[in-house]
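Colleague: Spelled out, the chains give:
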Amino acid sequence: MLKLNDQRGYRKFVNGRDEALETLLRNSRLRISESTSEAFRKVLEAIQIKYNHIMQTSSRQALDQLEAQIGQLLEHLSFIIWIEVLELRKKAFMLAYAGEAQAIAQTTAKNVKVSIPKQDLDLKSMGKSLSNGLAPMKSFNLHFNKLRRQIISSLEYSFAFGEPVEKALGRVFLCFPRQTILPKKKVLKTVKVAEAKKPEFSAFKKEDDSVEISLSGRSPISGFEWDQETWDKAIQDLASDHVYTDRSPEKFVDIKNPYNDLPMRSKFPEDDKIYHWEIESEVVQDFVEQVRSGQIEAAKKNGINDFVWIAILDDRTDACCEWRSGLLTSEIEARLKTDKRDDPCQAIVPPAHFNCRCTLAPASQDLEAVDNTDSEREFDEWLNQR
Amino acid sequence: MAKSKVAKKEASALQESDAPTAFKVLNHSKTPVYEEQDQASTIDSKFKDHCKPRSVPDLVALMESDKTIQMDARVFFHENGTGNAHLASLNRDKFIESFKSNKKRTFKESIDYFGGGDSGGNVVGGKDFTPLLGGPFNKQLYIYDYLKMHSQCFYAYNHDPVLHAAVQIIRDFALGRDWAVNCKNETALALWKAFEEVNDLRMMMYLACEELSIYGEIFQWWLPNNETRISYQVRPGQEPPKGLIPRVRLVDPSVIWDIITYPEDIKRVLYYQWIAPTQYQMYAATDKGQPVPTTKFIYQQLPANQVDHYKINCRSNEKRGRSDLFPVLGYAKRLRDSVNFSIIGMQKSTAWSIDTSIEGSQEDVDNYVESQKELGTIPNPGSEFVHTNKITRQYLSNEAAGRGNNSSAFDWCFSMICAGLGIPQQYFGTHLSGGSTRASALVATEPVVKKFEMRRNLIEQILNNMARRLFKQFGIEAEIEVTFPELVSQDRSTKLKDLAMAEMQGWISKERAAEIAAKELGIMDFNFKDEQAAVEKSEGPRALLANPLTTPPQIGSDNEEQTNRTAVSSDTRKDVRDQNGF
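Taken in sequence, the protein lines are chains V and P.
0 is the number of the first residue of the first sequence in numbering that gives the first Met the number 0; add one for each residue after it.
0 is the number of the first residue of the second sequence in numbering that gives the first Met the number 0; add one for each residue after it.
So here's chain V without its partners, still in its complex pose (with noise of 0.2 Å):
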């Protein structure tokens, strides 16, 4: 039985594919959290401008409309999320999938198929739900509207008080997720990609949306189907790096601490920052999902249906993931058929829960390692090739 995973070379290689899809993720979400901040700071500005006449006139009529207003302005923004959260799935699948296909070429110099048609993508992505079982923009939604409902409940509290506008902004601010540092990750190897946006294969176009790539001369690639213009957008995100905007809405807006009577002042003014909520969790979690998804049927598009758990053992991994680590995915589905019936996880393929960072690797019977190390490229170095 050969395990991947005990494979240098394809260590190496899917360290390097997993940096860049973190690329991916990190530049989704400082997106997200720009549009975020700025629907934010749209609320307060709209708040600004009605509070007085609502204060004065005491109209519910008009706290109705703004009401309105701010579930406008959130829907948009769920709208917005929506549309990255897709984009970033095609983009991870794709490329988790090719850098899957491009290890176990390399490792096991084995002829290996790839296929990923636009249509199949497209409906992959769209049809999915998130890990809670909803459809994104229904899960969104909901806490969309609960936080509605906290920045209307904050202002009514206002509103009863006689607070001026500045403390009123406040509470609803307060509403609002905080903020947190996204750090910049340490990577062992940045991945550089040349400004040709994409790699060079030697293929042929099989048909208009879909190419077949010979990946390397030892390990050539037939059959394969091809989405260019998702590749095409995930190359191009890669390359840019994301500056992020603040667009926090303390910067612009004056807001009071409604408990001290303190300006609001943002605690990280020059970093990264993104939202500590649940739709950020659900945008990595659905993420995680996706990478997986496309190393598990780049393998098996390549005939290996089983795959060992690899789990990150210390003082924070779960139980759950504590005794699948090392184990195949079928002795993972005999062993919840018999004495782990009872687990209250049933995942066969990681991830098995929220901020779960397992990881598998393709094994099977039928494979044989090959010493290429000579011949063997790092992920970049693929990725770049011309």
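Bear in mind the hints are in silico, worked out from the structure with no lab data behind them.
Hints may be right or wrong, so weigh each one.
[Stated by the list, open to error] Which bits of chain V does chain P cover? Going by a derived footprint, with three or more residues having C-beta under 8 Å, they are: (1) 83-94; (2) 121-132; (3) 349-360.
[What the hints assert, rightly or not] Example chain V residues on the side facing chain P (calculated, C-beta under 8 Å, incomplete): (4) Leu29; (5) Leu181; (6) Ile273; (7) Val290.
None of these values were measured; they are calculated from a predicted model.
Where a beta carbon is used, it is the ideal one built from N, C-alpha and C, also for glycine.
Given the structure of chain V, go ahead and fit chain P onto it with the hints provided.
Modeller: Chain P only, in chain V's frame:
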């Protein structure tokens, strides 16, 4: 006709000047002794403005100024030396003669009598007398006086509502809701918890705090030889069980008849002399096959190193402590009296009578009386009286008695008690407690907070001393940290705002701000890291992973064994190390 008034002299005492023991005299004259208005001119000018004599000399002067005033006084004499007491009846002349004839005898008003026996003055056992040749160690309560105080304070705690409340107020403020004990040494903390449990320390400190107030001192006896029960001359086989953790018991201070020290230094204690009969039990029992006596007389000396003695309200030269109630016992008696007299006055003021005039002969009067007898003393509501115009009935109320309902005595006594105890009137919840503003209540609170802080410090010291002794016994070097809840809550909102500002400005860390805030909110078991973890968990969104695909194992994991079992091979780890230059 001028209205006469009966002058009632309450009580006075006759005392020989060289006799330290006072005695009571009850002087009750029943005859009219002087005219209040009409004969004012005949009274000495000293009494023109205030006709009521307020002391024995005043009384004598009054009688001398007005020959018509008569007296029928019954006087208790108490002879010095023999201690014999007898009752004598003195008329006006004898009373004046007794007052003047023997210069060694003086009358003394026993107005400080507070129901505790035959003592006079506002101190237990007479004057705090310090003979020059006696030295400073005589400047304290002798054992009889001490026991008298003990008895009277015990009585006051149980029978006087105000003093009972005072003791409980002091206890409640000193102990607060409860105290928390922490210790950096976990072994020591576990030992302390066990010590607390076997000794029922919470209840012991609850009682100790009260007894400290009532008796003025407490004795904590660390039972010797690892014994878990107090034992005295038990039969073989009836020895109490032994335990690893030492047992501490409170010993009633009244059984400690003497604290035996070197004469020149009261702090160099040798023994505590315990003399007391035990309880008398009606029924006997056997234990381990042998009878257990129904009673014993304990006569033993507790070695000084087995006893922790804490005393309050005493000076450096005093061996024994004094009760918190000590200075106010007399006023407590007066306060109770004032309440009783007021109630009697009110009772009298509600009395009424019927004045009936009958125009007719004695026979008519007798007939009327006979007819009324059938109705009883108090006519039922709705009773109908049928009579001719010859009979006139008029209901009379007791107007004179109504004026006796004067509460100024209560106010004065109560003020004196509050001053003596150092507790504001507002704390007692009487009819004098209301009417103050928040500002005045706060001002009144300031001194009493200091008082309660002092008592709390003593409680803390007792706990610390116990911990030191316990840890020393087990060879552990540790100190406990005792935390009490805040005595008086300040304006918490303002304080928390200041705290938020300080944290926001970067003057203090978030952790420090959180810890201070937790104390303000009365959270005793606050741990910043645990709390943050709980907040993260409860906030809905999980802790965010910056790099969900390549997050390395946690460095410095507590569980090395687990970390070693990771599926990430050692080769990879080596690569990571090499490339990062670790």
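Colleague: Now, for every hint given, state plainly whether the structure supports it.
Modeller: Going down the list of hints, with the structure as the test:
1. 83-94: With 0 residues closer than 8 Å to chain P, the segment 83-94 of chain V misses the three-residue bar; violated.
2. 121-132: violated (count 0)
3. 349-360: holds (count 4)
4. Leu29: violated, 12 Å
5. Leu181: For leucine 181 of chain V, the interface hint holds, since the closest Cβ of chain P sits about 6 Å away, which is under 8 Å.
6. Ile273: holds, 7 Å
7. Val290: Holds. Min distance 6 Å.
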